[in-house]
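Chemist: Line order of the protein sequences matches chains A and B. Residue 582 is where the first sequence ends in my numbering, and the numbering goes up by one at each step. Residue 100 is where the second sequence ends in my numbering, and the numbering goes up by one at each step.
Please note that a few of the clues may not be correct.
[What the hints assert, rightly or not] In silico SDA-like pairs for lysine to any residue, Cα to Cα no more than 20 Å straight-line:
no.: 1; chain 1: A; residue 1: Lys270; chain 2: A; residue 2: Asp121
no.: 2; chain 1: A; residue 1: Lys270; chain 2: A; residue 2: Glu116
no.: 3; chain 1: B; residue 1: Lys17; chain 2: A; residue 2: Lys321
no.: 4; chain 1: B; residue 1: Lys85; chain 2: A; residue 2: Arg111
no.: 5; chain 1: A; residue 1: Lys78; chain 2: B; residue 2: Ile73
no.: 6; chain 1: A; residue 1: Lys78; chain 2: B; residue 2: Gln58
no.: 7; chain 1: B; residue 1: Lys85; chain 2: A; residue 2: Lys473
no.: 8; chain 1: A; residue 1: Lys275; chain 2: A; residue 2: Glu119
no.: 9; chain 1: A; residue 1: Lys328; chain 2: A; residue 2: Gly474
no.: 10; chain 1: B; residue 1: Lys7; chain 2: B; residue 2: Glu43
no.: 11; chain 1: B; residue 1: Lys17; chain 2: A; residue 2: Gly48
no.: 12; chain 1: A; residue 1: Lys321; chain 2: A; residue 2: Thr288
no.: 13; chain 1: B; residue 1: Lys30; chain 2: A; residue 2: Lys455
no.: 14; chain 1: A; residue 1: Lys78; chain 2: B; residue 2: Gln50
no.: 15; chain 1: A; residue 1: Lys473; chain 2: A; residue 2: Arg346
no.: 16; chain 1: B; residue 1: Lys68; chain 2: A; residue 2: Lys275
no.: 17; chain 1: A; residue 1: Lys455; chain 2: A; residue 2: Ser429
no.: 18; chain 1: B; residue 1: Lys68; chain 2: A; residue 2: Ser429
no.: 19; chain 1: A; residue 1: Lys78; chain 2: A; residue 2: Glu119
no.: 20; chain 1: B; residue 1: Lys17; chain 2: A; residue 2: Gly130
Since the hints were made in silico from the structure, they are not lab data.
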Amino acid sequence: MTKVNNKNKTVFHHKQISKTLTGIAGLDEITGGGLPTNRPTLICGEAGSGKTLFSLEFIVRGAIEFNEPGVFMAFEEKTEELALNVASLGFDLKKLQSEKKIKVDYVQVDRSEIEETGEYDLDGLFIRLGYAIDSIGAKRVVLDTIESLFAGLSNLGILRAELRRLFQWLKDKGVTAIITGERGDGPSLTRQGLEEYVSDCVILLDHRVINQISTRRLRVIKYRGSVHGTNEYPFMIDEDGISVLPVTSLSLQKEVSSARLSSGIPSLDKMLGGKGFFIGSSILVSGTAGTGKTSIAASFANETCNQNKRCLYFAFEESPKQIIRNMKSIDMELQQHVDKGLLQFRASRPTLHGLEEHLVVIHKLVKRFKPQVVILDPITNLITVGSVSEVKSMLVRLIDFLMEEQITVMFTALTLNTVVSEQTDEGVSSLVDAWLFVRDIEFNGERNRGMYIMKSRGMKHSNQVREFIITDKGIDLVDVYLGPGGVLTGSAREAQKLHEKTGVVLRDNALSMKDREIDRKRRVLESKIASLQTEFESAEEELNKIYIEEELIKKVSESNIREMTRLRRGEREADGNKGRKK
Amino acid sequence: MKQVEKKYELRLYVAGKTAKSVTALANLQKYCEEYLKGQYRIEVIDLLVQPQLAEGDQIFAIPTLVRKVPEPIRKIIGDLSNEEKVLVGLNIRPVNMQTI
Numbered sequence: 001m002t003k004v005n006n007k008n009k010t011v012f013h014h015k016q017i018s019k020t021l022t023g024i025a026g027l028d029e030i031t032g033g034g035l036p037t038n039r040p041t042l043i044c045g046e047a048g049s050g051k052t053l054f055s056l057e058f059i060v061r062g063a064i065e066f067n068e069p070g071v072f073m074a075f076e077e078k079t080e081e082l083a084l085n086v087a088s089l090g091f092d093l094k095k096l097q098s099e100k101k102i103k104v105d106y107v108q109v110d111r112s113e114i115e116e117t118g119e120y121d122l123d124g125l126f127i128r129l130g131y132a133i134d135s136i137g138a139k140r141v142v143l144d145t146i147e148s149l150f151a152g153l154s155n156l157g158i159l160r161a162e163l164r165r166l167f168q169w170l171k172d173k174g175v176t177a178i179i180t181g182e183r184g185d186g187p188s189l190t191r192q193g194l195e196e197y198v199s200d201c202v203i204l205l206d207h208r209v210i211n212q213i214s215t216r217r218l219r220v221i222k223y224r225g226s227v228h229g230t231n232e233y234p235f236m237i238d239e240d241g242i243s244v245l246p247v248t249s250l251s252l253q254k255e256v257s258s259a260r261l262s263s264g265i266p267s268l269d270k271m272l273g274g275k276g277f278f279i280g281s282s283i284l285v286s287g288t289a290g291t292g293k294t295s296i297a298a299s300f301a302n303e304t305c306n307q308n309k310r311c312l313y314f315a316f317e318e319s320p321k322q323i324i325r326n327m328k329s330i331d332m333e334l335q336q337h338v339d340k341g342l343l344q345f346r347a348s349r350p351t352l353h354g355l356e357e358h359l360v361v362i363h364k365l366v367k368r369f370k371p372q373v374v375i376l377d378p379i380t381n382l383i384t385v386g387s388v389s390e391v392k393s394m395l396v397r398l399i400d401f402l403m404e405e406q407i408t409v410m411f412t413a414l415t416l417n418t419v420v421s422e423q424t425d426e427g428v429s430s431l432v433d434a435w436l437f438v439r440d441i442e443f444n445g446e447r448n449r450g451m452y453i454m455k456s457r458g459m460k461h462s463n464q465v466r467e468f469i470i471t472d473k474g475i476d477l478v479d480v481y482l483g484p485g486g487v488l489t490g491s492a493r494e495a496q497k498l499h500e501k502t503g504v505v506l507r508d509n510a511l512s513m514k515d516r517e518i519d520r521k522r523r524v525l526e527s528k529i530a531s532l533q534t535e536f537e538s539a540e541e542e543l544n545k546i547y548i549e550e551e552l553i554k555k556v557s558e559s560n561i562r563e564m565t566r567l568r569r570g571e572r573e574a575d576g577n578k579g580r581k582k
Numbered sequence: 001m002k003q004v005e006k007k008y009e010l011r012l013y014v015a016g017k018t019a020k021s022v023t024a025l026a027n028l029q030k031y032c033e034e035y036l037k038g039q040y041r042i043e044v045i046d047l048l049v050q051p052q053l054a055e056g057d058q059i060f061a062i063p064t065l066v067r068k069v070p071e072p073i074r075k076i077i078g079d080l081s082n083e084e085k086v087l088v089g090l091n092i093r094p095v096n097m098q099t100i
């Protein structure tokens, strides 16, 4: 029953000891399912590190979310104080108590009114606890903090023996317990060495101030019979209680999508294989000051909202109003998306809180708003609140988290020098899937923007440097001219264009002249051909004439000969005829 | 023990008839008879029978002797084997007025 309701649970492949979900955001992920069931867990930490709240949240969440009633035995704070303290987190202890889901028992150990004589035991405590557990059928127990007994009682021998018995008794009772303990001096985790008795699971809470910014951290020191994250995990206490952030997810097994999302700049999409970014990928836009990083980010946001998807915009430099006004000048109406609830801005100075808190805030907003796209503009400023490695580790976790949620994220980063640095200052370039680089191209007395794609994992992308222009109509990318003198941008590019246009006109003119020449030539030749033809005809006629004459002569002479022959024969025949007739 | 207007109202919390509980009760009765004859009342509460009463008097150790009256409430835990401490604890014989 406790194993449901946890989609982020790390899957282990071996049989594990049974665990009880705490319901504390993130903790169940680190411990692979919560605290050991029916065993005591020690939570230690300095004063103010959040032990009481931690254990109380365990009880309250158990009662509300997992239907497991719990007993909270307080040695330090009275029931009313406790209820007041956690009311700010939205926990209504009074109501829960009246519903018999929770029982808070305040044990007052006041040395001034207690005298000890002779042998005694802590059966009274056992009975009270047992009674409380049985009265509501509790599955969870918190003792906060049992060390108060050490302050109230002087017979340490009895106390230690009784504590050992108490923890065994808790195990036998079948309750999952949390025992809190104040951090002691020296190497021991708690002042009274409670870790000696509670050996199944030990969690250390810590509260550190570095550079005037405080960070709470949590570490699972020991967890018998289970795999657990061993890192220090930052956690935060806010109006929703405790949130622990796993530094990195334990595995790199994320779902990937091959669907694409347009960048909002058609020509940029074209450079990215014609479709844009992968959904769920991370994009870094880096460049020097004033190169239009925010404009790129805003146009991505705009496009996302145009497609009826939600976008969450974290602005660390400008206020939302400022961004909206500025983007209006390049024909982007972000206000309408804000009104429709598709676009949400979250502007805060990086120094508002520590990096971890930033991360938690991002986590929370993302979980609540469920955007498809998250924009961080710019991440460079975060460096003011943490060291490079801290910022990097935070961004790694952020990217991990967003990838898991299939959210596309765009970071903008400022590179501090004009030299094209192959690394961003935050060192995230190796983590991101796509990296757009915007740079100044200073040439011919003017400064223009050039953009190229440094990398884009898993897709065909253009290797061109494009000129990146921001106009009243929005952002566009134009081909830069690669003239003989190098890359041409801005007015030089325009000049080159004009120059080429002139060339075209001239060439056209030249072409038409050539055409006419050819035409004329052809006509000349054609006329020549015609005269030759007539010449040939006359020659032919001449030849024909001779031939006909000869033929005629031949014919005539032949007929003459025949005539002559006939004539001659005729005479003879006439003689013969005459003689025969006679 | 139905006397009214007793100067001392004492309550002894025990958990079953353990050796410590028996010793404590015996010791208590002995001291009371000796020093508070006629002006005390002892109520024995067995927490195994009435566990819900433990919370009211803030009981965590067994046996515990609670002096309800006179105010302020005082508690003595243990088997009451040290007479001196019990008397001081119950304020029967203040430290500065010790005679022995």
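Chemist: Which numbered conditions among the earlier hints are violated in the structure presented, ordered from lowest to highest?
Modeler: 1, 2, 3, 7, 8, 11, 12, 13, 14, 15, 16, 18, 19
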